[in-house]
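*Asks:* Go ahead and model the full structure; you've got the sequences and the hints to work with.
Number of protein chains: 2
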Amino acid sequence: MKTIYFVTNNMGKVREAKALLEKLGIDAQQLAYEYPELQSDDLEEIAKYGAKHAAMHLKKPVIVEDAGLFISALNGFPGPYSSFTFKRIGNEGILKLMRDVKDRKAQFRSVVGYCAPGKETITFSGAVEGEISHEPRGRSGFGYDPIFLYGDRTFAQMSTEKKNEVSHRCIALRRFAEWLQKNNE
Amino acid sequence: MKTIYFVTNNMGKVREAKALLEKLGIDAQQLAYEYPELQSDDLEEIAKYGAKHAAMHLKKPVIVEDAGLFISALNGFPGPYSSFTFKRIGNEGILKLMRDVKDRKAQFRSVVGYCAPGKETITFSGAVEGEISHEPRGRSGFGYDPIFLYGDRTFAQMSTEKKNEVSHRCIALRRFAEWLQKNNE
Numbered sequence: 001m002k003t004i005y006f007v008t009n010n011m012g013k014v015r016e017a018k019a020l021l022e023k024l025g026i027d028a029q030q031l032a033y034e035y036p037e038l039q040s041d042d043l044e045e046i047a048k049y050g051a052k053h054a055a056m057h058l059k060k061p062v063i064v065e066d067a068g069l070f071i072s073a074l075n076g077f078p079g080p081y082s083s084f085t086f087k088r089i090g091n092e093g094i095l096k097l098m099r100d101v102k103d104r105k106a107q108f109r110s111v112v113g114y115c116a117p118g119k120e121t122i123t124f125s126g127a128v129e130g131e132i133s134h135e136p137r138g139r140s141g142f143g144y145d146p147i148f149l150y151g152d153r154t155f156a157q158m159s160t161e162k163k164n165e166v167s168h169r170c171i172a173l174r175r176f177a178e179w180l181q182k183n184n185e
Numbered sequence: 001m002k003t004i005y006f007v008t009n010n011m012g013k014v015r016e017a018k019a020l021l022e023k024l025g026i027d028a029q030q031l032a033y034e035y036p037e038l039q040s041d042d043l044e045e046i047a048k049y050g051a052k053h054a055a056m057h058l059k060k061p062v063i064v065e066d067a068g069l070f071i072s073a074l075n076g077f078p079g080p081y082s083s084f085t086f087k088r089i090g091n092e093g094i095l096k097l098m099r100d101v102k103d104r105k106a107q108f109r110s111v112v113g114y115c116a117p118g119k120e121t122i123t124f125s126g127a128v129e130g131e132i133s134h135e136p137r138g139r140s141g142f143g144y145d146p147i148f149l150y151g152d153r154t155f156a157q158m159s160t161e162k163k164n165e166v167s168h169r170c171i172a173l174r175r176f177a178e179w180l181q182k183n184n185e
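These protein sequence lines map, in sequence, to chains A and B. Mapping of the first sequence onto the working numbering: position 69 corresponds to residue 69, and the numbering continues sequentially without gaps. Mapping of the second sequence onto the working numbering: position 87 corresponds to residue 87, and the numbering continues sequentially without gaps.
Among these hints, one or two may not hold up.
Note that the list lumps identical chains together, so a pair holds whenever it fits in one copy or between two copies.
To be verified - Listed next, the in silico EDC-like pairs over lysine to aspartate or glutamate satisfying Cα-Cα at most 20 Å (straight line): (1) Lys87 x Asp41; (2) Lys119 x Glu131; (3) Lys2 x Glu178.
Hint data in this document are derived by calculation from the structure and do not stem from the laboratory. Quantities reported herein were computed from a predicted structural model and do not represent experimental measurements.
*Replies:* Right, here's the structure in full:
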């Protein structure tokens, strides 16, 4: 089984990635290291920069993952700053911004950046379309999951397994795993 | 007259800085260069990283400035991501988040980072206390100025000159100018 290092402090992400990658023959080990995160509107740029930095510093093949919730009616807010925004105003703040807003369309996007020391970063992306609910529902997952409606349930009302079948992060991770197997790195 | 290079794309900031620094014997030239901006809760860290990078790359003594609006009732939101948040949800979004919120206290903070090639970055900070208004007022300034109440007027209802007497950015720039004169760099 191949081992890669997932550089993140987010245990929710690690849980999801481990469950998925294991089935694809990849052992994902968490490495808690604070790589510099760029301010950018572009998740790909953030993941590229972070993976390159972490691989160089840790001297291991690493993946980093950057994700964001992009709400149509809010011009893509909170986007790449989803994590910061969540810590400050939470789901309550997002629901307040969406009060009386008819267009509830939203997209979760994820970019996985893979980098081995001395090589270029390769990125893999995934997205899932949904809607912002009118109130939080469910207790599993993390972050914006309770207000992200996928069909008639929020991500927080789905098991990790069900969420992994459709989520932005798992689409990106699956693309990465397929590439890794093909390229036998 | 000493010349320093203000690395920014924000013409509003350049206007304010030029007016202030000229009086203090410093000629501030704008340089439009996109230095990497860190994602961090700490303006000082962002300015330090940016100034160092820009000085190395441009081979000139530079200043960069990073500012943010920190709203008490929103746990410091939008803080270091003020510029992104403004582009996405604007003053309208902030006022919506502040609807029915009694505590209107807010602070504008600024950090100026100065770096000469091969040297360490030095930072200078400034802050101004105010309140979030209930509706936008005034047309001068930029960004959150129309909703930032200083006394009974918003920053956007004040002339550049008046705003420069009290603003976060000008406190930080004045501290920088004093240091530069003393250290005769």
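*Asks:* Determine for every hint whether it applies to the structure shown.
*Replies:* To see whether the hints hold, each was checked on the structure:
In the homo-oligomer, the alpha carbons of Lys87 and Asp41 lie at most 20 Å apart both inside one protomer (19 Å) and across protomers (11 Å), since each shortest distance falls under that limit. Within a single copy, Lys119 and Glu131 get their C-alpha atoms no closer than 38 Å, and across copies no closer than 50 Å, so neither meets the 20 Å cut-off. In this assembly of identical chains, Lys2 and Glu178 lie within 20 Å of each other by CA distance solely inside one copy; the values are 13 Å within and 58 Å between copies.
Hint check: a violation occurs at hint 2 only; the rest are consistent with the structure.
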